[in-house]
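Bring the two chains, given one by one in their own frames, into a single complex with the hints.
Here are the chains, one letter per residue:
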Amino acid sequence: MLELGDLVAIIALSGATAMLGAIGGIGGAVILVPVLVLLGWSPLDAAPLGMAMVAASALAATVVHTRGTLANHRLGVTMEIAASLGAAAGALVSILIAPRALVVVLGVAAIVSALVGGTRTGQRNLPVDGARMTDHHDQRGRLDSAYSDEKGRVIPYRVHRVPLGVALMGLAGTIAGMTGSSGGYIKTPVMSEVLHVPVKVAAATTVFMVGITASVSLAVYALQGRVTAAIAPAILGGLLGGRFGARVQPRLPAPLVRRVLSVALFAIGLIVVVSP
Amino acid sequence: MTAPDRRFSAGDLVAVVLGVGSIVVMTGTTGSNVVLAALVVVLVAWPAALLAMLMWRWIRQGDRRFVAATTVLFIVAIGAVLVSRWLAPGS
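If you're matching them up, the sequences are chains A and B in order. One point on numbering: in my numbering, the residue at position 243 of the first sequence is 243, and numbering is uninterrupted. One point on numbering: in my numbering, the residue at position 86 of the second sequence is 86, and numbering is uninterrupted.
Excised from the complex, chain B in its bound form (with noise of 0.2 Å):
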């Protein structure tokens, strides 16, 4: 098996964050709302992250089939939010 990569990526800085802030509210001190609202914007908005990360990397590979693809997955993931936003009992 080829030697695993170790070195500390910024996902790798994400989970520490949300691993930390994740036992903050855990103990009901003083402004874990604020954390747990941060908490929720983290996993909510890495995927996107992640996606416009793969984009740019097909972007300068030319792929441009991929980002197009990418794009309208952005577009489909916004608007399933919007979907089940509108469907939510006393939206």
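Chain A extracted, bound-state conformation (with noise of 0.2 Å):
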């Protein structure tokens, strides 16, 4: 059993990163697993910590995204059929490659990330007077959609480039199982940058895909027996994180989440190349 010490350790950082999960859209294991290491665990008894805190964090969130209008869940099926079998194909082809090429590789796709939407100003989805959200959410057979912003104007959006984005999410989906994360720091990215969705219906849809990823990976640890009584703290900070993030990102404005979002691209970027 875990000292108090720890107890509050791991309730704290799962709390602080799937708060910033939940805003910015990232599953946040790529944060919490390499802060535990640091701390002295071992990468094979953190992971399971992370995906832990991160389906928590996506069960909180998800709760809250499906009384709104953010998720977009057409959207997040869609493009996580293509992540879960490039996920798939990663841990396949994870064998073969030298893990530290890999973690490089991720690293600088998460800066690269980080500075394409840090640098961008101004947005592209803007309230249409007189929209109606009956006319254009939740619509049979349709991607496109639309979305309520923090004064309650009705914003629609159109799903570009969905054969590319398809593509992309394979790729990030590969990279996800190369590397046991579950993918929401390149998911995000690219569904804001390359499928011009907005950045926090972006953010909601993958907090939905990486709930999937994330019990698809602790039913793998389950089934390895390296699930034990310390997921519990994560399961609880990741819940209360994952529940507050939700409820505050709505309210503020996209151009900050897109920062927030930057900010952390570029820490999990750091974190990654620098840590051993």
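There is no bait here: all hints are sound.
Covered stretches of chain A, going by a simulated chain B footprint (3 or more residues, C-beta under 8 Å):
1. 71-85
2. 216-226
Cβ-Cβ distance ranges computed for the label pairs, FRET-style:
3. A/Arg-247 - B/Thr-71: 29 to 35 Å
4. A/Pro-253 - B/Val-17: 30 to 36 Å
5. A/Gly-5 - B/Arg-7: 36 to 42 Å
6. A/Thr-228 - B/Ala-10: 27 to 33 Å
A partial selection of chain A residues facing chain B, derived with a Cβ cut-off under 8 Å:
7. Leu-7
8. Ala-56
9. Val-63
10. Thr-66
11. Leu-92
12. Gly-141
13. Pro-233
14. Leu-236
Calculated from the structure, these hints are not laboratory results. These numbers come from a predicted model, not from an experiment. For glycine and all other residues, C-beta sits at the position ideal for the given N, C-alpha and C.
As structure tokens, then:
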């Protein structure tokens, strides 16, 4: 059983990364696991904690998002097929490639995503006067949708370059499968910068997607007998942080969410490149 | 901003159960191993339940394209578990 200090530390770390994950649309395991390793945990023991935190955080955030208009479930299902196929392929390929090379690729991808998103100014999708949510949101057979911004205005959006997005999601899934992460830090920038989906929608949709990825990974860890009572504080922190982040995110302006995401991605890139 | 929907949903109930369960596991009381196993089952099963709910909504809307997409996602996710299990050390 863990000491009280360890319990509090894991709850606090999981809560903070889950909150950041729910706001910026990143799973957060890619932050939590290296930090736990720095604190003396072995990577093999820390990985299930990361996935438990992501699964719990995604559950708490998805409960909040499902009541609103932010998460685009049709887009999430479409993109997650490619990402899951990529993850299975990545798990196969990971046997053949040097892990350190993969980590560097992953870190550089995160830093490039941070710079692209962080240096862009303005908003692609703007509120439309007179637009009604029922005319755009949750339409049969369509990926295009609409969401309501922090002032209650309806913002319709179109999903661009779907075939390229599917290909990049497959690549994101492959990198996630190779590195054992949920890949949210690649999925959200792909949706925002390639598919031109509003960043808040991209973040909420990615949270739904990483929930699927994390539950699959957790099932694998459970089958391998790697799940211990140490995941309990990570679950509690993930639930609290995920719910708080999902409640706060709709109230934040989109450019601020994009900046939060860029800072998080830059930090992730540095962590994965610098960590041994 | 539109007024948030504050109704207590099945998802909220699952989150509360997970939270209470994780506290029980942290205390290390008798039976906490059973609670831990239940926590893992819930964490693994909730996306499947959500996908089933979405699928049901899309069936009622007659959205055959996304019903098919969700079915494919179920198959791919189960396949990913099997592939990863197959690759696991010692398997």
